[in-house]
Structure formats: structure tokens, C-alpha cells
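Asks: Here is how the chains run, residue by residue.
Number of protein chains: 2
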Amino acid sequence: MTQHSHDPAAPADALTVEVVELIGTVVARYHEEYEHAAARHALTGAQARVLALLSREPMPMRRIAQQLKCEPSNVTGIVDRLEARGLVERRPDPDDRRVKLAAVTDEGMGTAGRLRASLNFAREPLAALSAEDRGVLRDLLRRMLGTA
Amino acid sequence: MTQHSHDPAAPADALTVEVVELIGTVVARYHEEYEHAAARHALTGAQARVLALLSREPMPMRRIAQQLKCEPSNVTGIVDRLEARGLVERRPDPDDRRVKLAAVTDEGMGTAGRLRASLNFAREPLAALSAEDRGVLRDLLRRMLGTA
DNA sequence: TATTGTTATACTCTATAACTATA
DNA sequence: TATAGTTATAGAGTATAACAATA
Numbered sequence: 001m002t003q004h005s006h007d008p009a010a011p012a013d014a015l016t017v018e019v020v021e022l023i024g025t026v027v028a029r030y031h032e033e034y035e036h037a038a039a040r041h042a043l044t045g046a047q048a049r050v051l052a053l054l055s056r057e058p059m060p061m062r063r064i065a066q067q068l069k070c071e072p073s074n075v076t077g078i079v080d081r082l083e084a085r086g087l088v089e090r091r092p093d094p095d096d097r098r099v100k101l102a103a104v105t106d107e108g109m110g111t112a113g114r115l116r117a118s119l120n121f122a123r124e125p126l127a128a129l130s131a132e133d134r135g136v137l138r139d140l141l142r143r144m145l146g147t148a
Numbered sequence: 001m002t003q004h005s006h007d008p009a010a011p012a013d014a015l016t017v018e019v020v021e022l023i024g025t026v027v028a029r030y031h032e033e034y035e036h037a038a039a040r041h042a043l044t045g046a047q048a049r050v051l052a053l054l055s056r057e058p059m060p061m062r063r064i065a066q067q068l069k070c071e072p073s074n075v076t077g078i079v080d081r082l083e084a085r086g087l088v089e090r091r092p093d094p095d096d097r098r099v100k101l102a103a104v105t106d107e108g109m110g111t112a113g114r115l116r117a118s119l120n121f122a123r124e125p126l127a128a129l130s131a132e133d134r135g136v137l138r139d140l141l142r143r144m145l146g147t148a
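Read top to bottom, the protein sequences are chains A and B. Each residue of the first sequence is one higher than the one before, starting from 1 at the first, in full-length UniProt numbering. Each residue of the second sequence is one higher than the one before, starting from 1 at the first, in full-length UniProt numbering.
Honestly, the hints are just simulated from the structure, not real lab data. Note that the structure is predicted; figures quoted are calculated from it, not measured. Keep in mind that a hint or two might mislead.
[Stated by the list, open to error] Below, a list of computed lysine to any residue pairs in the SDA-like style, where the Cα atoms sit at most 20 Å apart:
| id | chain 1 | residue 1 | chain 2 | residue 2 |
| --- | --- | --- | --- | --- |
| 1 | B | K69 | A | V27 |
| 2 | A | K100 | B | H36 |
| 3 | A | K100 | B | C70 |
| 4 | B | K69 | A | T44 |
| 5 | A | K69 | B | A39 |
| 6 | A | K69 | B | K69 |
| 7 | B | K69 | A | A39 |
| 8 | B | K69 | A | R40 |
| 9 | A | K69 | B | E33 |
[Stated by the list, open to error] Per the computed footprint, the stretches of chain A lying under chain B, defined by three or more beta-carbons under 8 Å from a beta-carbon of chain B, are:
| id | stretch |
| --- | --- |
| 10 | 12-18 |
| 11 | 59-69 |
| 12 | 80-91 |
The C-beta atom is built at its ideal place from N, Cα and C for all residues, glycine as well.
Model the full structure from these sequences, guided by the hints.
Replies: Okay, here's the thing in C-alpha cells:
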């Protein structure tokens, strides 16, 4: 049983435990900041996520649910509330009349942009790291996530 | 305006943007795994967090709310549900009769232990990194979080 | 008076199941 | 038959405000 074991039942060493705890702290701080940024625009976290998603590209209700990893029925309500505020609209899909494409309005695009700008998680914690450090961090995270 | 600027309105460089996106992915994966681990024990995320919190140390309802960063009134319901399942109990505080100390039962301690063990975020993604890499990652995260 | 925990209320998110309109 | 979106329903988390017991 070495430190490099992939045995899922292997007890974690002290270093791994500390890294996991640090990641937990990052997760908590990230979420807190995201919720606050959303609240500053009178949005819930879920609404902000959908708005951010649609600001990149309109998409069917079904696909929003897949991205959010939730049931399609939930998306109806979230989009309803965004639509009631004029930030999002439902458009018919010319290729399939069953499908409704959710798309941000001009106002919604503005809100999405301000939301993105007010998310200072990008700048504040990472500002403590040099460009070189950030590069090392990027590589480690990539490998951790299996995307490198 | 240099790359090291702390100006909160400064646009983020490409590297910073990528690191933030990677952190976003880590956050999403961490949360997904936490919710699944909780669900395997028929707990919600909030219930699992409170159980984990109390498994370290009994504490007043008020302090649970502070740790969860939510209103004290919410804690009543979460602890109610844990108590109904016999995982947690309310005890009087001998020093202040207004206070109720929430504490895990023996059964709750067992569930908390199994929950912790089933959280394999500790092992799976970090297994891709060597001990040296994990040390570097720990140092970068510490500095990012301002705890070093 | 201030504090602790609770209750009452309203809103949002969530999953499940049944429904509709299309395909 | 199958799929996209919705509705209906119920449970859980959340904040706000008002309350009882205690400090």
C-alpha cells in the first residue's frame, strides 16, 4: 500500500487530507462569492447560472437541465422567473416545433456582463500568485481533472 | 496596468481566466460528489454538512448557523430532521438555559464516519498527482487563500 | 434590554409523475 | 411510440419577522 495507491478504500495521508481541506475552503469561498454576486443583481444562484449559460448561446430547455444536472421540470420555473424579469425569452425552434429555445434578451446580456464583471473571485485570491505560480496551478488542476 | 495589478476592475488575463474556469470545474465536481455521497446515506447536502460539523464537536444551534452562513431559523428544521432520524440530539447547556447544544448520537457518529469514508474526492482526482505535486498544490492553495 | 431558539410565512429549488403537443 | 416542455405535487433550504424563555 504505497502513497500512490489508487485503492479507493485506502486511507488518505496527511498531505492529501490537507489539500482536500484547502479545496473545500476554495469551494466554500467560491460559492459564497457567487451567491453574493448573484444577489447583488437580485438573482438566485440557479438563475445566475442559467443566465450565464444562455449569455454564451441560446439553447433548448432540455439542454439547460443537462448543464445544470437537474430535472427538466425545474428549468421551466427558473426560466419563467428570468423571463418575467425580461432577462430571457423563449423562442420557437424552426427545426422542431416541440423545442423552445431559451435566449437572453439585450437587457439580460447586460445583466450577464455585469454579473461576470462583479465576480471578483477571478482576481482577488489569484492576485496573490505570480504569473508563473498561476501557470503551475493551472497545470496541476488540469492534471487533477484529467484534462491534460 | 500590469499583470500583477490588484485593481478590482482590471480585466483578467487569459491565464487567470483559465485557472478560474478550472477552479469552477473543481467546485462543480466537488459539490456533485458531496451531494451524491450524502444521498447514499439518505441525507441532503445541508444535513450532511451539519452532521459532519457536529461529529467533531457538539455546539449551540446559533453556532451551526454561523458555520453554515445561514439564518438560525433554518438550523431548527435541519436539526429537527436529523434528530427525527436519531442521528443528532439536543442537550441543555448547563451554563446557559437559553442554549441548546446539538450533538451527534452514537448512530450519528457512525453515519458521519461512513459519509467521510465515502467521499472519494480525496483520493480519486488527487491520485493523479505525485506527493511532490500535492505539496506544491498545497502551498499554492494556502497562499491563494491567504493562510500561508 | 439583549440573546437563544423557535414558529409562522413566503419564495425558490428539487425530484417525481402525469399531461400536451409534437415527432 | 418516443421526445420536449409543462403542470401538479411534495419536500427541503432559505430569509424575514414575531414570539417565548432566559440572561
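Asks: Tell me whether the statement that chain B covers the stretch 12-18 of chain A is true, taking a Cβ distance below 8 Å and needing three residues at minimum.
Replies: Per the Cβ count (6), the hint holds.
Asks: Need the status of pair K69/B, R40/A: alpha-carbon distance at most 20 Å?
Replies: Distance of about 17 Å is within 20 Å: holds.
Asks: Would you mind confirming whether the straight-line C-alpha gap from K69/B to A39/A stays at or under 20 Å?
Replies: holds (15 Å)
Asks: Would you check the hint for K69/B and T44/A, treating anything up to 20 Å between C-alpha atoms as holding?
Replies: Status holds; Cα separation ~16 Å.
Asks: Would you check chain B against the stretch 80-91 of chain A, counting CB to CB pairs closer than 8 Å, and say if three or more residues qualify?
Replies: With 0 residues closer than 8 Å to chain B, the stretch 80-91 of chain A misses the three-residue bar; violated.
Asks: Is K69/A within 20 Å of E33/B, Cα to Cα?
Replies: holds (12 Å)
Asks: Between the alpha carbons of K100/A and H36/B, is the straight-line distance 20 Å or under?
Replies: violated (30 Å)
Asks: Tell me if chain B covers the stretch 59-69 of chain A under the three-residue, 8 Å CB rule, please?
Replies: violated (count 1)
Asks: For the pair supplied as a hint, K69/A and K69/B, is the alpha-carbon distance within the 20 Å limit?
Replies: violated (25 Å)
Asks: For K69/A and A39/B, compute the direct alpha-carbon distance and say whether it is at most 20 Å.
Replies: The hint holds at about 15 Å.
Asks: Does the alpha-carbon distance linking K69/B and V27/A stay inside the 20 Å limit?
Replies: holds (14 Å)
Asks: Are K100/A and C70/B close enough, with their CA atoms no more than 20 Å apart?
Replies: violated (36 Å)
Hint compliance for this structure: hints 2, 3, 6, 11 and 12 are broken, all remaining hints hold.
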